[in-house]
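Visitor: One letter stands for each residue in the lines below.
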Amino acid sequence: MAVGPVLSEPVIQVFQDLTIVVFAPGVSGAIAKIEARFQGRRGPRVAQPYYNLAKLFRKETLVPEDASWVFLAAPVAAFACYLTVPLLIPVLTNFGLPLGYMGDILGGGFILALAGFSIAIAAAETNAPYAQLGSSRAMTFSALIEPTILFVTFAVALITATDLPYAEAAANRTSLAAVLRPAHLLAAVAFFLVVLNDTGRIPVETHSGTLEFGMIDEARTLEHSGPALALLQWGSNMKQLILYVILINVFIAPWGLSGSRALGSVALAIVVFLAKALAVGFVFTLIDNSFSKLRLFKITEFMAGAFLLAVLAVLVLFVGG
Amino acid sequence: MNAVLVAATSTVAVPSTFDGVAESLTVVILLSEFAMLRAPLSRSQIRLYSFQSLVVSILAAYIAAAKGLPDLYAIAALSLSLKAVVVPVVVLRLLRDARVELVASNRASVTSMTLMAIALAVFAIFVIGGLPVHSSSLPTTAFGLSAAVVLVSFVLVALRSDVVSQAVGFFSLENGVSVASLVVASGLPLIVEVAFFFDLLVAVVVFGVLMRVHHNRTDTLSTEALDQLKG
Numbered sequence: 137m138a139v140g141p142v143l144s145e146p147v148i149q150v151f152q153d154l155t156i157v158v159f160a161p162g163v164s165g166a167i168a169k170i171e172a173r174f175q176g177r178r179g180p181r182v183a184q185p186y187y188n189l190a191k192l193f194r195k196e197t198l199v200p201e202d203a204s205w206v207f208l209a210a211p212v213a214a215f216a217c218y219l220t221v222p223l224l225i226p227v228l229t230n231f232g233l234p235l236g237y238m239g240d241i242l243g244g245g246f247i248l249a250l251a252g253f254s255i256a257i258a259a260a261e262t263n264a265p266y267a268q269l270g271s272s273r274a275m276t277f278s279a280l281i282e283p284t285i286l287f288v289t290f291a292v293a294l295i296t297a298t299d300l301p302y303a304e305a306a307a308n309r310t311s312l313a314a315v316l317r318p319a320h321l322l323a324a325v326a327f328f329l330v331v332l333n334d335t336g337r338i339p340v341e342t343h344s345g346t347l348e349f350g351m352i353d354e355a356r357t358l359e360h361s362g363p364a365l366a367l368l369q370w371g372s373n374m375k376q377l378i379l380y381v382i383l384i385n386v387f388i389a390p391w392g393l394s395g396s397r398a399l400g401s402v403a404l405a406i407v408v409f410l411a412k413a414l415a416v417g418f419v420f421t422l423i424d425n426s427f428s429k430l431r432l433f434k435i436t437e438f439m440a441g442a443f444l445l446a447v448l449a450v451l452v453l454f455v456g457g
Numbered sequence: 062m063n064a065v066l067v068a069a070t071s072t073v074a075v076p077s078t079f080d081g082v083a084e085s086l087t088v089v090i091l092l093s094e095f096a097m098l099r100a101p102l103s104r105s106q107i108r109l110y111s112f113q114s115l116v117v118s119i120l121a122a123y124i125a126a127a128k129g130l131p132d133l134y135a136i137a138a139l140s141l142s143l144k145a146v147v148v149p150v151v152v153l154r155l156l157r158d159a160r161v162e163l164v165a166s167n168r169a170s171v172t173s174m175t176l177m178a179i180a181l182a183v184f185a186i187f188v189i190g191g192l193p194v195h196s197s198s199l200p201t202t203a204f205g206l207s208a209a210v211v212l213v214s215f216v217l218v219a220l221r222s223d224v225v226s227q228a229v230g231f232f233s234l235e236n237g238v239s240v241a242s243l244v245v246a247s248g249l250p251l252i253v254e255v256a257f258f259f260d261l262l263v264a265v266v267v268f269g270v271l272m273r274v275h276h277n278r279t280d281t282l283s284t285e286a287l288d289q290l291k292g
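Each protein sequence line maps, in turn, to chains A and B.
Numbering-wise, the numbering used here puts 222 at position 86 of the first sequence, and it's gapless, one number per residue.
Numbering-wise, the numbering used here puts 283 at position 222 of the second sequence, and it's gapless, one number per residue.
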C-alpha cells in the first residue's frame, strides 16, 4: 500500500522509537484492563499509566542519604538504553533501516542488560533492604536466563547465517515450512518464556503485587520517587513493548510490517503492530490468571525448562531440523 | 541491503513442511518425556504419558495420511486406544487404591536431572541422528529424537525411586521405540507392530502386580524401602 508522501528512512526510524515511547504506557494500561476484566474487576482506565507518569513528573525527587549521583543518573541511562534498542529491531518495516545494522540481537540484548544493570546499581546504592534485595535477585535471575537467550541467538544465527533480527524475520516470511520447522518453533517458545521472565510475569513474579518478599524487578525501584520513578516506570513499559516487538515481529508473527516508505503504509504498520501487541498481551494475561507464582527457589526449574527448549532448538538444527 | 538479507538466509536447509511438522511432533514427544521427569505427582506423570501416547498416534496418523500408508492408521488407532486411554486408566485406578500422591523421592534435584537428561539427549541426537539411516517416511532427525526419548526415559527410571515413575518410564520408553520404528520401518508388517503392543500389555500387568505387592508389603511406592533387610 503506497498512500501518502514517501518518508525518508531516518524519519521512519524516528517513528519506530516514537511508537515505542508513545504507546508503551498505553499497551501496559490496556493489558492491565484486560487482566482486571479476567478477575471480574472493572480495572483502571486504559490511559491510567499516562496519568501516573504525568503525576510523577510533577512531584519532587527524594534521594536517600547514602546515595550518590548514580542514583539519579541510572533512570536516565536506562531510559536512554530503551530508546536505543528500537533502532535495532523491526518495529515497523520489513526492510532494514540505516541504523538497523548497527547491532544484532546480542547487541540489543547487551543494551537491555546495561539498562537492567544501571537500575540494579542504583538500587544497590540506596542502602534500603528491599531495593537491595530486588537488585540482587534481579541480577541473579538475569544471569540464569542468559544461557537461554544465548541459545536462542545461536538458533537464529544457524537459521539465517547472521544475527540480525531483520534476517530472522525475513527467513520466517519465506515459507510455511520455515515457520513449522522445529528449530524455529522451539526457539520461539523459548523466547516467549524469556519474555515472560523479563516482563515480570507469573510464574516468575507477580507483576502487580505489593508484597516485597515476592518482588524481583519491582523491588528495585522502591526507593525512587518523582521524575526519576516516572522514567523508570516508563522505561519498564518500554522494555515490555520492546520485548513484544522482538517476540512478535521477529519470531511469531513477522507479517503486517510496512514494505514501503509511504506514510500510509507505515501508519498501517503501527496500527497492526499495536493490535498484535494487544493479542500477545492477552495471552500473557491468560497465563497470569491460570498459573500460580513459583516459589523463589523453584524459579530455576522454569529457567531449566526454557533452557531445554533453546538447547533443543540448536540441537535439531545440527541434525537438519 | 535487502539482497544481502535474502542471500544470507538459511544456512541449514529448511526442511519441507511435512518433515517440519513430523519433527515438531517428535520434539513434543521428547518434551513430554522431560515433563515427566519433573512432574511432582504420580498422577500427572501418568497423564503426561497419556498425552505423549496421543502425540505418537497423531504422528502415526499424520504419516499415514501424508505418505499413503494405510497400515499406520491401524497402529495409530491401536496406540490411541491402548496407550492413550486403557493403560493410563488402569494405572490411575491402581494408584487410587494405593492412596499415594507424591512421587516418593528424587535422587537428584529437578534442575540437575534436567541438565543430565539434556546431556543424554545431545548424545542421542548427535550419535543416532548422525547414522546414515534414510527412511522414506520420516526424516533422520526424528530418529535421533526418538533415541533421545529412550535415553531420557532411562534417566526417569534410574533417578526417580518409585514404582510409578519406573512403570511410566518403561511405558514411555516403548513410545520412543515406536517412533523409532516409524522412522526405520514404517512399512513393517502390521503383525510385528501389534506384537509390540502385547509386550506393553504384559508390562502393564507386571507393573500392576509389582505396585500392588510392593504397596501391600511396605505401605509406600518408593523403591528405597527395598534396601532394608527384613529380620
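Accuracy of the hints is not assured; some may be wrong.
[What the hints assert, rightly or not] So the derived list for chain B, only partly shown, Cβ under 10 Å to chain A, looks like this:
id: 1; residue: D80
id: 2; residue: E84
id: 3; residue: T87
id: 4; residue: A96
id: 5; residue: A169
id: 6; residue: F187
id: 7; residue: P193
id: 8; residue: S196
id: 9; residue: T201
id: 10; residue: V211
id: 11; residue: A264
id: 12; residue: V267
These are calculated hints, taken from the structure and not from any lab test.
We put the CB at the ideal spot given by N, CA and C, even for glycine.
Visitor: If a hint holds in the structure, say so; if it doesn't, say that too.
Guide: Cross-check of the supplied hints:
1. D80: holds (8 Å)
2. E84: holds (4 Å)
3. T87: holds (8 Å)
4. A96: Constraint on A96 of chain B satisfied, holds at 9 Å.
5. A169: violated (12 Å)
6. F187: Hint on F187 of chain B: holds, closest Cβ of chain A at ~7 Å, below 10 Å.
7. P193: Cβ of P193 of chain B sits 12 Å from chain A, so the hint is violated.
8. S196: For S196 of chain B, the interface hint is violated, since the closest Cβ of chain A sits about 13 Å away, which is over 10 Å.
9. T201: holds (7 Å)
10. V211: This interface hint is violated because 16 Å lies over the 10 Å limit.
11. A264: violated (28 Å)
12. V267: violated (32 Å)
In summary, the structure is inconsistent with hints 5, 7, 8, 10, 11 and 12 from the numbered list given earlier, while agreeing with the others.
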